[in-house]
Amino acid sequence: MCAVCGCGTGTVGNHTHAHRHDTDIHFGNGAAGVSLAGASQARLIEVEIDILSQNNRYAAQNRTRLRALGAFTVNMVSSPGSGKTTLLCKTIEALRKQPLAVIEGDQQTARDADRIRATGAPAVQVNTGKGCHLDAHMVGHALEQLPLAQNAMLFIENVGNLVCPAAFDLGEDCKVTVLSVTEGEDKPLKYPDIFTASRLAILSKIDLAPHCDVDLNLFHRNLIRVNPGIEIIWLSARTGEGMADWITWLDARLAEAARPQKEGP
Amino acid sequence: MHEISFCEGIRTVIEDQAKTQSFDRVTTIRLEIGRFSCVEKSALDFAFDAVMKGSVAEGAALIMIDVPGRAMCYDCLQEVELNDRLAQCPDCGGEKLMPVSGDVMRIKNIEVE
Numbered sequence: 001m002c003a004v005c006g007c008g009t010g011t012v013g014n015h016t017h018a019h020r021h022d023t024d025i026h027f028g029n030g031a032a033g034v035s036l037a038g039a040s041q042a043r044l045i046e047v048e049i050d051i052l053s054q055n056n057r058y059a060a061q062n063r064t065r066l067r068a069l070g071a072f073t074v075n076m077v078s079s080p081g082s083g084k085t086t087l088l089c090k091t092i093e094a095l096r097k098q099p100l101a102v103i104e105g106d107q108q109t110a111r112d113a114d115r116i117r118a119t120g121a122p123a124v125q126v127n128t129g130k131g132c133h134l135d136a137h138m139v140g141h142a143l144e145q146l147p148l149a150q151n152a153m154l155f156i157e158n159v160g161n162l163v164c165p166a167a168f169d170l171g172e173d174c175k176v177t178v179l180s181v182t183e184g185e186d187k188p189l190k191y192p193d194i195f196t197a198s199r200l201a202i203l204s205k206i207d208l209a210p211h212c213d214v215d216l217n218l219f220h221r222n223l224i225r226v227n228p229g230i231e232i233i234w235l236s237a238r239t240g241e242g243m244a245d246w247i248t249w250l251d252a253r254l255a256e257a258a259r260p261q262k263e264g265p
Numbered sequence: 001m002h003e004i005s006f007c008e009g010i011r012t013v014i015e016d017q018a019k020t021q022s023f024d025r026v027t028t029i030r031l032e033i034g035r036f037s038c039v040e041k042s043a044l045d046f047a048f049d050a051v052m053k054g055s056v057a058e059g060a061a062l063i064m065i066d067v068p069g070r071a072m073c074y075d076c077l078q079e080v081e082l083n084d085r086l087a088q089c090p091d092c093g094g095e096k097l098m099p100v101s102g103d104v105m106r107i108k109n110i111e112v113e
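Protein sequence lines, in the order shown, are assigned to chains A and B. Take the first sequence: its position 30, counted from the start at 1, is 30 in our numbering, and no numbers get skipped. Take the second sequence: its position 79, counted from the start at 1, is 79 in our numbering, and no numbers get skipped.
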């Protein structure tokens, strides 16, 4: 039986999903569970439970597990094609000695996890099937397969989507939205929720800014408008410009999250 | 279409309640939906019937109660009520507003038999 949710026995849980623990994970199956209607007297039950309470329970379990390790976990969100995977590959190169791992979320294919593994870092690919976001349950399963060292960094690359991932807590320390300059200055205004939910916005591909008639200051103003507290880093993974700021930011966050290594017996 | 996931969340809660509260059928579900929540109400309505099929809540009426959004204005430092996520501060006209409440997505109550 799965330690995270009790699934995998065929008798527990009201959901189904492929349950392969030897390789990448695919969540493409539908819901199950049946109940039959009967009749009795009508009554009102005060429920007062969050719609995402089940997801939030899994997220809390993930968070407890990660915090016990002193890990720093970042949930990286963006639209498709913003350059998240390229940024991650360059980040792994820059963090050479830092223990880290990556969970990759996409609807299909293990391409991104393959790119991460090519750098030497451990990665698990989660395929969401028709799903448009990772949820905390999927991440819990991915964590079972990842060798995470004490005080490691964990990068969760969410499904490319500026809408749905905003609502789903995965147990991360914070969300980071990657926004490439080619997407246009108005993205924060069009998709405010994801930027409001993020601690940091990375304005990526700034080497392309001169070629696509964009106003970098307007990006900044629009980000602040939907999240006045958001931190902003401009960078190009291709040229390396701004990468030092991102690495410094990550190191500082890990220092906040890290716990002293346990003494040996 | 994360509204399908939301409906699956509703179904999970309802099925848990059916076990602990002993009922066979849900006739009405009332949700509180915050103005700044990630819910598109028409999409939720659309997904609801399909996801509830085969559950104790099949055929239940779905009622969504709007919860106002409140935000902190970073210009005048007042907490204000906002109807629109990108509206200006009604007090000072500022445009830097951080939501402080109104992102609720909660099952308030259910009518059962």
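One should not assume that every hint holds.
Here are the simulated lysine to any residue pairs, SDA-like style, with alpha carbons at most 25 Å apart [unchecked claim]:
id, chain 1, residue 1, chain 2, residue 2
1, B, LYS108, A, SER53
2, B, LYS53, A, ALA60
3, B, LYS96, A, ARG199
4, B, LYS108, A, ALA60
5, A, LYS190, B, GLN88
6, A, LYS97, A, PRO80
7, B, LYS19, A, ILE45
8, A, LYS90, A, ARG225
9, B, LYS53, A, ILE49
10, A, LYS190, B, CYS89
11, A, LYS97, A, TRP249
12, B, LYS96, A, GLY184
13, B, LYS96, A, ILE230
14, A, LYS97, A, ASP251
15, B, LYS96, A, ASN217
16, B, LYS53, A, ALA42
17, B, LYS19, A, ILE232
Away from chain A, derived, C-beta distances all over 10 Å, residues of chain B [what the hints assert, rightly or not]:
id, residue
18, SER5
19, GLY9
20, ILE10
21, SER42
22, PHE46
23, GLN78
24, GLU79
25, LYS96
26, PRO99
27, ARG106
28, VAL112
To give a feel for the contact side, a few chain A residues facing chain B, derived at Cβ under 8 Å [unchecked claim]:
id, residue
29, SER53
30, ASN55
31, ALA167
32, ASP169
33, THR196
34, ILE224
35, ARG225
36, PRO228
Think of the hints as simulated: they come from the structure by calculation, not from any bench. Using N, Cα and C, we set each Cβ at its ideal position, and we do this for glycine too.
Do the hints match the structure? See the list:
no., hint, in the structure
1, B:LYS108 x A:SER53, "holds (13 Å)"
2, B:LYS53 x A:ALA60, "violated (30 Å)"
3, B:LYS96 x A:ARG199, "holds (16 Å)"
4, B:LYS108 x A:ALA60, "holds (22 Å)"
5, A:LYS190 x B:GLN88, "holds (16 Å)"
6, A:LYS97 x A:PRO80, "violated (29 Å)"
7, B:LYS19 x A:ILE45, "holds (13 Å)"
8, A:LYS90 x A:ARG225, "violated (30 Å)"
9, B:LYS53 x A:ILE49, "holds (21 Å)"
10, A:LYS190 x B:CYS89, "holds (19 Å)"
11, A:LYS97 x A:TRP249, "holds (16 Å)"
12, B:LYS96 x A:GLY184, "holds (20 Å)"
13, B:LYS96 x A:ILE230, "holds (11 Å)"
14, A:LYS97 x A:ASP251, "holds (12 Å)"
15, B:LYS96 x A:ASN217, "holds (15 Å)"
16, B:LYS53 x A:ALA42, "holds (20 Å)"
17, B:LYS19 x A:ILE232, "violated (48 Å)"
18, SER5, "violated (7 Å)"
19, GLY9, "violated (4 Å)"
20, ILE10, "violated (6 Å)"
21, SER42, "holds (15 Å)"
22, PHE46, "holds (15 Å)"
23, GLN78, "holds (13 Å)"
24, GLU79, "holds (13 Å)"
25, LYS96, "violated (4 Å)"
26, PRO99, "violated (6 Å)"
27, ARG106, "violated (5 Å)"
28, VAL112, "violated (6 Å)"
29, SER53, "holds (6 Å)"
30, ASN55, "holds (7 Å)"
31, ALA167, "holds (4 Å)"
32, ASP169, "violated (12 Å)"
33, THR196, "holds (6 Å)"
34, ILE224, "holds (6 Å)"
35, ARG225, "holds (5 Å)"
36, PRO228, "holds (4 Å)"
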